[in-house]
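**Student:** One-letter residues, chain by chain:
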Amino acid sequence: MRALAAELYAGSELMGWPLLALVLFIAVFAAAAVRVVRRGRSAFDEVARLPLEDDRHER
Amino acid sequence: METRTLTYNDRISRQFVWASVGWGLAAMLVGAVAALQLAFPQGNLASWLSFGRLRPLHTNAAIFAFVGNMIFAGIYYSTQRLVKARLASDKLGSIHFWGWQAIILSALITLPLGFTQGKEYAELEWPVDIAIAAVWVIFAINFFWTLARRNEKHLYVAIWFYIATIVTVAVLHIVNSLAIPVDALKSYSIFGGAQDALVQWWYGHNAVAFFLTTPVLGIMYYFLPKAADRPVYSYRLSIIHFWALIFVYIWAGPHHLLNTALPDWAQTLGMIFSIMLWAPSWGGMLNGLLTLRGAWDKVRQDPVLKMFVAGVTFYGMATFEGPLLSIKSVSSLAHYTDWIVGHVHAGALGWNGFMAAGMFYWMVPRLYGTRLYSRSAANAHFYLGTLGILLYVVAMWVSGVTQGLMWKAQNPSGGLMYPSFVETLLAILPMYWVRLTGGTLYLAGMALMAWNLWKTARSGKAVDGQAEVVILPRTPQPPWAKLLFQPAPLFVVFLVGMVLAAGFLDAIGTTGLILLAALIAVLGGSILSLTRKDGEPGWHHMLEGRPLLFTVLSVIAVLIGGIAEIVPTIVMQKNDERTATTHPYRPLELEGRDVYIREGCYTCHSQMIRPSIAEAQRYGEPSTMAESLWDHPFQWGSKRTGPDLARVGGKYPSSWHYYHLLDPRSTSPGSNMPPYAFLETRKVDGTRTRGKVAAMQRVGVPYADAEVAGATLDASAQATEITADLKAAGIEVDPESEMVAVIAYLQSLGKKARPQVATQVTTTGGAR
Numbered sequence: 001m002r003a004l005a006a007e008l009y010a011g012s013e014l015m016g017w018p019l020l021a022l023v024l025f026i027a028v029f030a031a032a033a034v035r036v037v038r039r040g041r042s043a044f045d046e047v048a049r050l051p052l053e054d055d056r057h058e059r
Numbered sequence: 001m002e003t004r005t006l007t008y009n010d011r012i013s014r015q016f017v018w019a020s021v022g023w024g025l026a027a028m029l030v031g032a033v034a035a036l037q038l039a040f041p042q043g044n045l046a047s048w049l050s051f052g053r054l055r056p057l058h059t060n061a062a063i064f065a066f067v068g069n070m071i072f073a074g075i076y077y078s079t080q081r082l083v084k085a086r087l088a089s090d091k092l093g094s095i096h097f098w099g100w101q102a103i104i105l106s107a108l109i110t111l112p113l114g115f116t117q118g119k120e121y122a123e124l125e126w127p128v129d130i131a132i133a134a135v136w137v138i139f140a141i142n143f144f145w146t147l148a149r150r151n152e153k154h155l156y157v158a159i160w161f162y163i164a165t166i167v168t169v170a171v172l173h174i175v176n177s178l179a180i181p182v183d184a185l186k187s188y189s190i191f192g193g194a195q196d197a198l199v200q201w202w203y204g205h206n207a208v209a210f211f212l213t214t215p216v217l218g219i220m221y222y223f224l225p226k227a228a229d230r231p232v233y234s235y236r237l238s239i240i241h242f243w244a245l246i247f248v249y250i251w252a253g254p255h256h257l258l259n260t261a262l263p264d265w266a267q268t269l270g271m272i273f274s275i276m277l278w279a280p281s282w283g284g285m286l287n288g289l290l291t292l293r294g295a296w297d298k299v300r301q302d303p304v305l306k307m308f309v310a311g312v313t314f315y316g317m318a319t320f321e322g323p324l325l326s327i328k329s330v331s332s333l334a335h336y337t338d339w340i341v342g343h344v345h346a347g348a349l350g351w352n353g354f355m356a357a358g359m360f361y362w363m364v365p366r367l368y369g370t371r372l373y374s375r376s377a378a379n380a381h382f383y384l385g386t387l388g389i390l391l392y393v394v395a396m397w398v399s400g401v402t403q404g405l406m407w408k409a410q411n412p413s414g415g416l417m418y419p420s421f422v423e424t425l426l427a428i429l430p431m432y433w434v435r436l437t438g439g440t441l442y443l444a445g446m447a448l449m450a451w452n453l454w455k456t457a458r459s460g461k462a463v464d465g466q467a468e469v470v471i472l473p474r475t476p477q478p479p480w481a482k483l484l485f486q487p488a489p490l491f492v493v494f495l496v497g498m499v500l501a502a503g504f505l506d507a508i509g510t511t512g513l514i515l516l517a518a519l520i521a522v523l524g525g526s527i528l529s530l531t532r533k534d535g536e537p538g539w540h541h542m543l544e545g546r547p548l549l550f551t552v553l554s555v556i557a558v559l560i561g562g563i564a565e566i567v568p569t570i571v572m573q574k575n576d577e578r579t580a581t582t583h584p585y586r587p588l589e590l591e592g593r594d595v596y597i598r599e600g601c602y603t604c605h606s607q608m609i610r611p612s613i614a615e616a617q618r619y620g621e622p623s624t625m626a627e628s629l630w631d632h633p634f635q636w637g638s639k640r641t642g643p644d645l646a647r648v649g650g651k652y653p654s655s656w657h658y659y660h661l662l663d664p665r666s667t668s669p670g671s672n673m674p675p676y677a678f679l680e681t682r683k684v685d686g687t688r689t690r691g692k693v694a695a696m697q698r699v700g701v702p703y704a705d706a707e708v709a710g711a712t713l714d715a716s717a718q719a720t721e722i723t724a725d726l727k728a729a730g731i732e733v734d735p736e737s738e739m740v741a742v743i744a745y746l747q748s749l750g751k752k753a754r755p756q757v758a759t760q761v762t763t764t765g766g767a768r
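Going down the list, the protein sequences come from chains W and A.
Take the first sequence: its position 27, counting from 1, is numbered 27 in our numbering, and each next residue is one higher.
Take the second sequence: its position 750, counting from 1, is numbered 750 in our numbering, and each next residue is one higher.
It is possible that part of the hints are untrue.
Said to hold, decoys possible - Some chain A residues well away from chain W (every beta-carbon gap over 12 Å; in silico):
id, residue
1, R81
2, P225
3, W265
4, P669
5, G686
6, G710
What the hints assert, rightly or not - Not the full set, but computed from the structure, chain W residues with beta-carbon under 7 Å of chain A:
id, residue
7, A21
8, F25
9, V36
10, F44
11, V47
12, A48
13, R49
14, L50
15, D54
Derived by calculation from the structure, the hints in this document are not laboratory data.
In this text the structure is predicted, and so the values were computed from the model without any measurement.
Where is the CB? At the ideal position from N, CA and C, for every residue including glycine.
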């Protein structure tokens, strides 16, 4: 672990910040992925059909 | 329920369609001329028509004129219909259209005349940069205003892609264009050296991402379902790949700088995120192709679907090839070769070009209340274009791999097997003719499309779409406090606090705490989602109905990558500047460098010797960051049609450079470099020299005030030295000529660096 960290920070002391960014991304991505999978496909049927709706409404 | 008849503003879409078709033909014609010049250097007919001046015109026209006008056409058409509201302001739309065309016209005039900032895909000088920002703001205001007036609660995924495009392009353009003006049409980038390299390719790659990809993905998500008459395959996949794409893409810029003097950590970040980018990109591709499940018979009949399917397939191909090229070992073969050119054009011609064609073939009949004039011409366009792309790309693959291998090849005694650069050029010359053929076929297909669309418009009448829409009652939105103090955002704040607390620990403690935070992030995110009550609107669901908040979060997502990569280089650059022993350019060398940039020499010559044995044997010691510290803008280059010049200083006598610039083939038989005889008669404007040195001083180059004051005298003195040197070789030349300035610059390259004691040059990886 010590060797890994030493190698990571050998490039720059600031390497913690890209790691922070990655953590934030993983958090948001994981939450979004779980949420969409949980909602089920049919929950999005209405919004998925939006491009096709304007044909019904268009004169 | 109140209903109303809306009439959409389709005039603006019609305007942008025709602008795209017209400029697209122009961009591709310039591209064909440039391709001819590479195969046949006698095609460089005049200074303003030489390859180095035309290449930036071609790239700017293709990206901003052809694709730019196309995306605006698609965005205006689809947004009004998806949000069920007419464009908020016709006047702002008109300013956007005419402003954009004026910008393109200014590029058409200034770039061939040599007014350039010398940064790829951002060559336009500072007044035009300001105009771009102004027009973009007008576009953004009109777009978001239209969203605010919408009668559709949900923001369809295409709108998300448009939002990401608008905000990110603004950030990229503004940051990368930061420069100090010298005069009305000349400026120097505030960034220099490795920092400029990183900013440039953070911009450059994300110009690809957020100008050439995200808006066209949005267009795909609207027009492909329309043409196929079926909804997108998986809306859930579109949500996931959207967020992944806009976050990951931003980090990919350093993959343009692999095996250069850019610090290792930045190269590795760029490589890893570029490889990860494969996943969300193919998410988009699969979503598009699988939308056509069960409708493949329609593809056989319909040229629109043919174009979309081929476009999406080329997108998939390019977004597999890109991550592949981002692997350091692959890049060590491919970088600076035609393989990169092939990759670019697979995306530009295949993805952008065919998506544009499909969209136009679908839209134009509807914009004119008629049918497409000729289905068979559209099908012919498809086959011509596909054949053209295949010839182009395969030729570039062969040429790229051939040249890359020849550069590396060693003979049994350990020396270079092909020591002459021109040998490697002559080996690939037949491929340049094949590329020209492919590009010309593609252009022919585009011309056929232009004719077909014009005949279609002539057979109908301009018509604006109308729709009966239900006016949404203005329901109160969840208050900000409720939105912000939800479990999800509070959880994120907790995580951020955890990680900031790590700043008080040592390196190992920081790493451990960050990994712990990552674990909590995954577990906590899952728990939050699983414990939400059924029927209760999710946080993301609330977010989707609030475009402003959505926009802010998109901006944060894209800023993270930029800040994470650029801020450390600012810190490092400051350290380098404090300890630098590299001398800035002398005033005459600076003038010569400006001629080098004006003529677009960087489009064919790199100045970055990579740390490998073959490169060191061919060009000299690998380049360090210190050597380009004062280069505003950096000149590392991205293509070697000619040899690297990082250590050309002192390699040849000044007389060699004189004859080489007059007629490259006199010193290098077989070279395809344009002749620059006019440099002998054009004079350097000595009245501007002092102002240029002063501007460099303002961007941080350590010229002493006395050096600024004495710039003109020093330039004159150095010119006298060089002309004396040339006279000894029997050459009479005006000391005030641009020829002398360029020779001064070339003779300085690789000689002014004195490496810092702390800098380690290794044969693997970058300098740090």
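**Student:** With 12 Å as the threshold, tell me whether A/P669 passes as away from chain W on beta-carbon distances.
**Tutor:** holds (45 Å)
**Student:** Taking the least C-beta to C-beta distance, is W/F44 closer than 7 Å to chain A?
**Tutor:** Given a least distance of 4 Å, the restraint on W/F44 holds.
**Student:** Looking at A/G686 again, its CB stays over 12 Å from all of chain W?
**Tutor:** holds (44 Å)
**Student:** Under the criterion of a CB-CB separation shorter than 7 Å, is W/A48 in contact with chain A as hinted?
**Tutor:** holds (4 Å)
**Student:** Quick one: work out the minimum CB distance from A/R81 to chain W and report holds if it exceeds 12 Å, violated otherwise.
**Tutor:** Nearest chain W Cβ is 4 Å from A/R81, so the label is violated.
**Student:** Close enough to count: is the Cβ of W/R49 nearer than 7 Å to one in chain A?
**Tutor:** With a minimum Cβ separation of about 5 Å from chain A (threshold 7 Å), the hint on W/R49 holds.
**Student:** Does W/V47 hold up as a contact with chain A if the rule is Cβ-Cβ below 7 Å?
**Tutor:** holds (5 Å)
**Student:** With a cut-off of 7 Å, does the beta carbon of W/A21 approach a beta carbon of chain A closely enough for the hint to hold?
**Tutor:** holds (4 Å)
**Student:** Is the interface hint satisfied for W/F25? The criterion is a beta-carbon contact with chain A at less than 7 Å.
**Tutor:** holds (5 Å)
**Student:** A/G710: least C-beta distance to chain W exceeds 12 Å?
**Tutor:** holds (39 Å)
**Student:** Using 7 Å as the Cβ threshold, decide whether W/V36 counts as touching chain A.
**Tutor:** holds (4 Å)
**Student:** Using Cβ atoms only, decide whether W/D54 comes closer than 7 Å to chain A, and label the hint accordingly.
**Tutor:** Hint holds; W/D54 Cβ to chain A Cβ min 4 Å, cut 7 Å.
Hints 1, 2 and 3 from the earlier list are contradicted by this structure; the remaining hints agree with it.
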